[in-house]
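With the hints as extra help, turn the sequences into a complete structure.
4 protein chains.
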Amino acid sequence: MSARVRRLEERDKAKWLGLFKGYVEFYKATVPEDVIEATWQRLMVGQADFHIALVAVDDADQPVGLAHVLFHRSTWSPTQYCYLEDLFVDPDRRLEGIGRALIEAVYREADARKCTRTYWATQEFNYRARALYDQVATRSPFIQYRR
Amino acid sequence: MSARVRRLEERDKAKWLGLFKGYVEFYKATVPEDVIEATWQRLMVGQADFHIALVAVDDADQPVGLAHVLFHRSTWSPTQYCYLEDLFVDPDRRLEGIGRALIEAVYREADARKCTRTYWATQEFNYRARALYDQVATRSPFIQYRR
Amino acid sequence: MSARVRRLEERDKAKWLGLFKGYVEFYKATVPEDVIEATWQRLMVGQADFHIALVAVDDADQPVGLAHVLFHRSTWSPTQYCYLEDLFVDPDRRLEGIGRALIEAVYREADARKCTRTYWATQEFNYRARALYDQVATRSPFIQYRR
Amino acid sequence: MSARVRRLEERDKAKWLGLFKGYVEFYKATVPEDVIEATWQRLMVGQADFHIALVAVDDADQPVGLAHVLFHRSTWSPTQYCYLEDLFVDPDRRLEGIGRALIEAVYREADARKCTRTYWATQEFNYRARALYDQVATRSPFIQYRR
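Chains as they are written, first to last, in the numbering used here: chain R, 1 to 147; chain G, 1001 to 1147; chain Y, 2001 to 2147; chain E, 3001 to 3147.
Keep in mind that a hint or two might mislead.
[Stated by the list, open to error] In silico DSSO-like cross-links for lysine-lysine, where the CA-CA straight-line distance does not exceed 30 Å:
1. R/28 with R/15
2. G/1015 with G/1028
3. G/1015 with R/21
4. Y/2114 with E/3028
5. G/1015 with R/28
6. R/28 with R/13
7. R/28 with G/1013
8. G/1013 with G/1028
9. Y/2021 with E/3028
10. E/3013 with E/3028
11. Y/2028 with Y/2013
12. G/1114 with R/13
13. E/3114 with Y/2013
14. R/114 with G/1021
15. E/3015 with Y/2013
16. Y/2028 with E/3114
17. Y/2015 with Y/2028
18. E/3015 with E/3028
19. Y/2114 with E/3013
20. G/1114 with R/28
[Unchecked claim] Derived Cβ-Cβ restraints for the label pairs, each shown as a range:
21. G/1046 with Y/2104: 53 to 63 Å
22. R/60 with G/1138: 42 to 52 Å
23. E/3078 with G/1004: 54 to 64 Å
24. R/128 with E/3141: 16 to 26 Å
25. G/1046 with E/3127: 36 to 46 Å
26. R/22 with G/1097: 36 to 46 Å
27. G/1138 with E/3125: 17 to 27 Å
28. E/3140 with G/1138: 14 to 24 Å
[Said to hold, decoys possible] Among the chain Y residues that face chain E by a calculated CB cut under 7 Å, a handful are:
29. 2060
30. 2062
31. 2116
32. 2118
33. 2121
34. 2123
35. 2141
36. 2143
Hint data in this document are derived by calculation from the structure and do not stem from the laboratory.
Think of the CB as a built atom: it goes at the ideal place given N, C-alpha and C, for glycine as much as any other residue.
Written as structure tokens, this is what we have:
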């Protein structure tokens, strides 16, 4: 129940790849290999305008879940907003509190930056995820439009 | 019907203030004066990590609508995403195609940057806005959670 | 603004037909002529298990809007529920309070029968209708599934 | 996995009471004892304007789930509509296909009456139920308003 969460590190690459690809597959989407590699590089460099990556790890310090978090400016706030773009837990490790531990770690990162908003988007019919989100956050009345 | 859209400029400050405050008021929210001033300064400086501001102008070149657009990195794309954070039209100038002209200008900015996604959020019950959005974009199944 | 609402009568047939067909068309649906005729007959007979029909009328006592209301048993209540199945206003007579007058008349019919619930369904994207419904009723969290 | 479904009978009263009360409790609602008793009586009498009751039974022929189905007239159809008002499965018997077996039995009853529509309502956030409904039915865009 008490998954440990830490920053993503170089040695995590194989596990991270597996998780990120599982996540993309969940959305029945595809991200080209070179884009995934570029994302990995950007996460490792730690670009100021890029996401931070958190991983939940098992007893052997191996990643079993990930969270990619973007801090960005808002016209409404002196500080940054915290946008959780990606959240994924190894399907074999569900219902162990890993997703919750990741979200709580995201909240700590947001607090450290005095973010006035932490938010994310999820598909209306992602019932499993929403069962967790309803416990740790508030469903806003906002829906998303896309070109 | 054919509102002209251009970048926000220093001389627009009074009109911009009126529009932005009207927008915040629409959401029954408040943004402190100093935050509004900081947002104005950031828009004028044109910080790399900050929004660009577009205004729709009337025949006298006076702003009658605004759009604040943030370009940000995504873990899913080699290029930036285009996030339309704020969109507002002077209540006295509704139904003239101003909102649509602003969105189309946002699309052009996104295209110029080869953004692979342009998106925004709106309240489920903002019927007037949605009647327009349904015409120029797609309602995604994504809903927003907030801490 | 103060549309009068009364029961549908034999002499209203032509106007009722126009309204009911306009309503069906609004849903991009079709109802065969013989079913429409059967519905008319049932409304005129006033079958105990069938809907009552209300019409909003203009100054010349001509129907400009209709409401078909079914009272049915519920396992949850000693009295009947009031289900507003159909509601339609002549497109040329919108924004005059006719829809509201019809709903208020439905409420009176429900009260006369001591109904413990009055309800109806509408498409999530029927913004014009919802703008009215939000004023006179409560959006429940219930969504509809159909075979 | 293959729960048997049959009509509710007199000897089922104790089990039916337990299930119906569990169902009402699920909605954090209350139904007075005398209304529950009246509902039971109406189900036993088999009133023409009242629901039929189906129960899923275990190997000992004891009810472990219920469905109350109302057939009612529609202005849109020569035959009746099939409205599944109540559906509930013993919390100790979840994930065994009992809910699905009940819905399939409802479909057979609807088919026997040549119903042109079978439908029900559920709370948007009833994720467990919706996971099943998404498999056996279609989510319509209809939402429910109530006085």
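Structure-based check of all given hints:
Annotation: proposed proximity of residue 28 of chain R to residue 15 of chain R holds, straight-line Cα distance about 20 Å (limit 30 Å). Between the alpha carbons of residue 1015 of chain G and residue 1028 of chain G the distance comes to roughly 20 Å, so the proposed pair stays at or under 30 Å and holds. At most 30 Å may separate the alpha-carbon atoms for a hinted pair to count; residue 1015 of chain G and residue 21 of chain R exceed this at roughly 47 Å. Taking the CA atoms of residue 2114 of chain Y and residue 3028 of chain E, the gap is about 23 Å. The hint holds against a cut of 30 Å.
In summary, the hint linking residue 1015 of chain G to residue 28 of chain R is not supported, as the alpha carbons are separated by about 45 Å, beyond the 30 Å threshold. Between residue 28 of chain R and residue 13 of chain R the alpha-carbon distance is near 22 Å, which keeps this suggested pair within the 30 Å criterion. The suggested pairing of residue 28 of chain R with residue 1013 of chain G is violated, with an alpha-carbon distance near 46 Å, which exceeds 30 Å. Simply put, residue 1013 of chain G and residue 1028 of chain G have alpha-carbon atoms about 22 Å apart, close enough for the 30 Å limit, and the pair holds.
Between residue 2021 of chain Y and residue 3028 of chain E the alpha-carbon distance is near 41 Å, which puts this suggested pair outside the 30 Å criterion. In summary, the hint linking residue 3013 of chain E to residue 3028 of chain E is supported, as the alpha carbons are separated by about 22 Å, within the 30 Å threshold. With a C-alpha separation of about 22 Å, the suggested pairing of residue 2028 of chain Y with residue 2013 of chain Y holds against the 30 Å cut-off. A hinted pair counts as satisfied when its Cα atoms are at most 30 Å apart, and residue 1114 of chain G with residue 13 of chain R qualifies at roughly 28 Å.
For the suggested pair residue 3114 of chain E and residue 2013 of chain Y, the alpha carbons sit about 28 Å apart, so the restraint of at most 30 Å is met. About 24 Å separates the Cα atoms of residue 114 of chain R and residue 1021 of chain G, which keeps this hinted pair within 30 Å; it holds. Among the hinted pairs, residue 3015 of chain E with residue 2013 of chain Y is inconsistent with the structure: their alpha-carbon atoms are about 51 Å apart, more than 30 Å. Taken as a hint, the residue 2028 of chain Y and residue 3114 of chain E pair is honoured in the structure, with Cα atoms around 23 Å apart against an allowance of 30 Å.
The suggested pairing of residue 2015 of chain Y with residue 2028 of chain Y holds, with an alpha-carbon distance near 20 Å, which does not exceed 30 Å. For a cut-off of 30 Å, the pair hint linking residue 3015 of chain E to residue 3028 of chain E stands: about 20 Å separates their Cα positions. Of the pairs offered as hints, the one joining residue 2114 of chain Y and residue 3013 of chain E holds, with about 28 Å between alpha carbons and a cut-off of 30 Å not exceeded. This hinted pair checks out: residue 1114 of chain G and residue 28 of chain R have alpha carbons roughly 23 Å apart, not beyond 30 Å.
Separated by about 55 Å at the C-beta atoms, residue 1046 of chain G and residue 2104 of chain Y satisfy the suggested range of 53 to 63 Å. Taking the beta carbon of each, residue 60 of chain R and residue 1138 of chain G are about 43 Å apart, inside 42 to 52 Å as hinted. Between residue 3078 of chain E and residue 1004 of chain G, the C-beta spacing of about 57 Å keeps the proposed range 54 to 64 Å intact. Residue 128 of chain R and residue 3141 of chain E have their C-beta atoms about 23 Å apart, which keeps the hinted 16 to 26 Å range intact.
Checking the proposed 36 to 46 Å range against residue 1046 of chain G and residue 3127 of chain E shows it holds: the Cβ atoms sit about 45 Å from each other. As the Cβ distance of residue 22 of chain R to residue 1097 of chain G is approximately 45 Å, the hint placing it in 36 to 46 Å holds. Between residue 1138 of chain G and residue 3125 of chain E the beta carbon distance is about 24 Å. The supplied range of 17 to 27 Å therefore holds. The beta-carbon spacing between residue 3140 of chain E and residue 1138 of chain G, approximately 19 Å, falls within the hinted interval of 14 to 24 Å.
Because the closest C-beta pair between residue 2060 of chain Y and chain E is about 25 Å apart, greater than 7 Å, the hint is violated. With 7 Å as the threshold, the beta carbon of residue 2062 of chain Y stays out of range of chain E, its nearest partner Cβ sitting at about 21 Å, so the hint is violated. Evaluation of the residue 2116 of chain Y hint against chain E yields a violated restraint, the C-beta minimum of about 10 Å exceeding 7 Å. Interface hint at residue 2118 of chain Y: satisfied, since its Cβ lies 4 Å from the closest Cβ of chain E, which is below the 7 Å cut-off.
For residue 2121 of chain Y, the interface hint holds, the least distance from its beta-carbon to any beta-carbon of chain E being 4 Å, beneath 7 Å. For residue 2123 of chain Y, the interface hint holds, since its Cβ comes within 7 Å of a Cβ in chain E; the closest pair sits about 5 Å apart. Of the supplied interface hints, the one on residue 2141 of chain Y holds, with its beta-carbon coming within about 5 Å of a beta-carbon of chain E, less than 7 Å. With a least beta-carbon distance of about 5 Å to chain E, the hint placing residue 2143 of chain Y at the interface is held under the 7 Å criterion.
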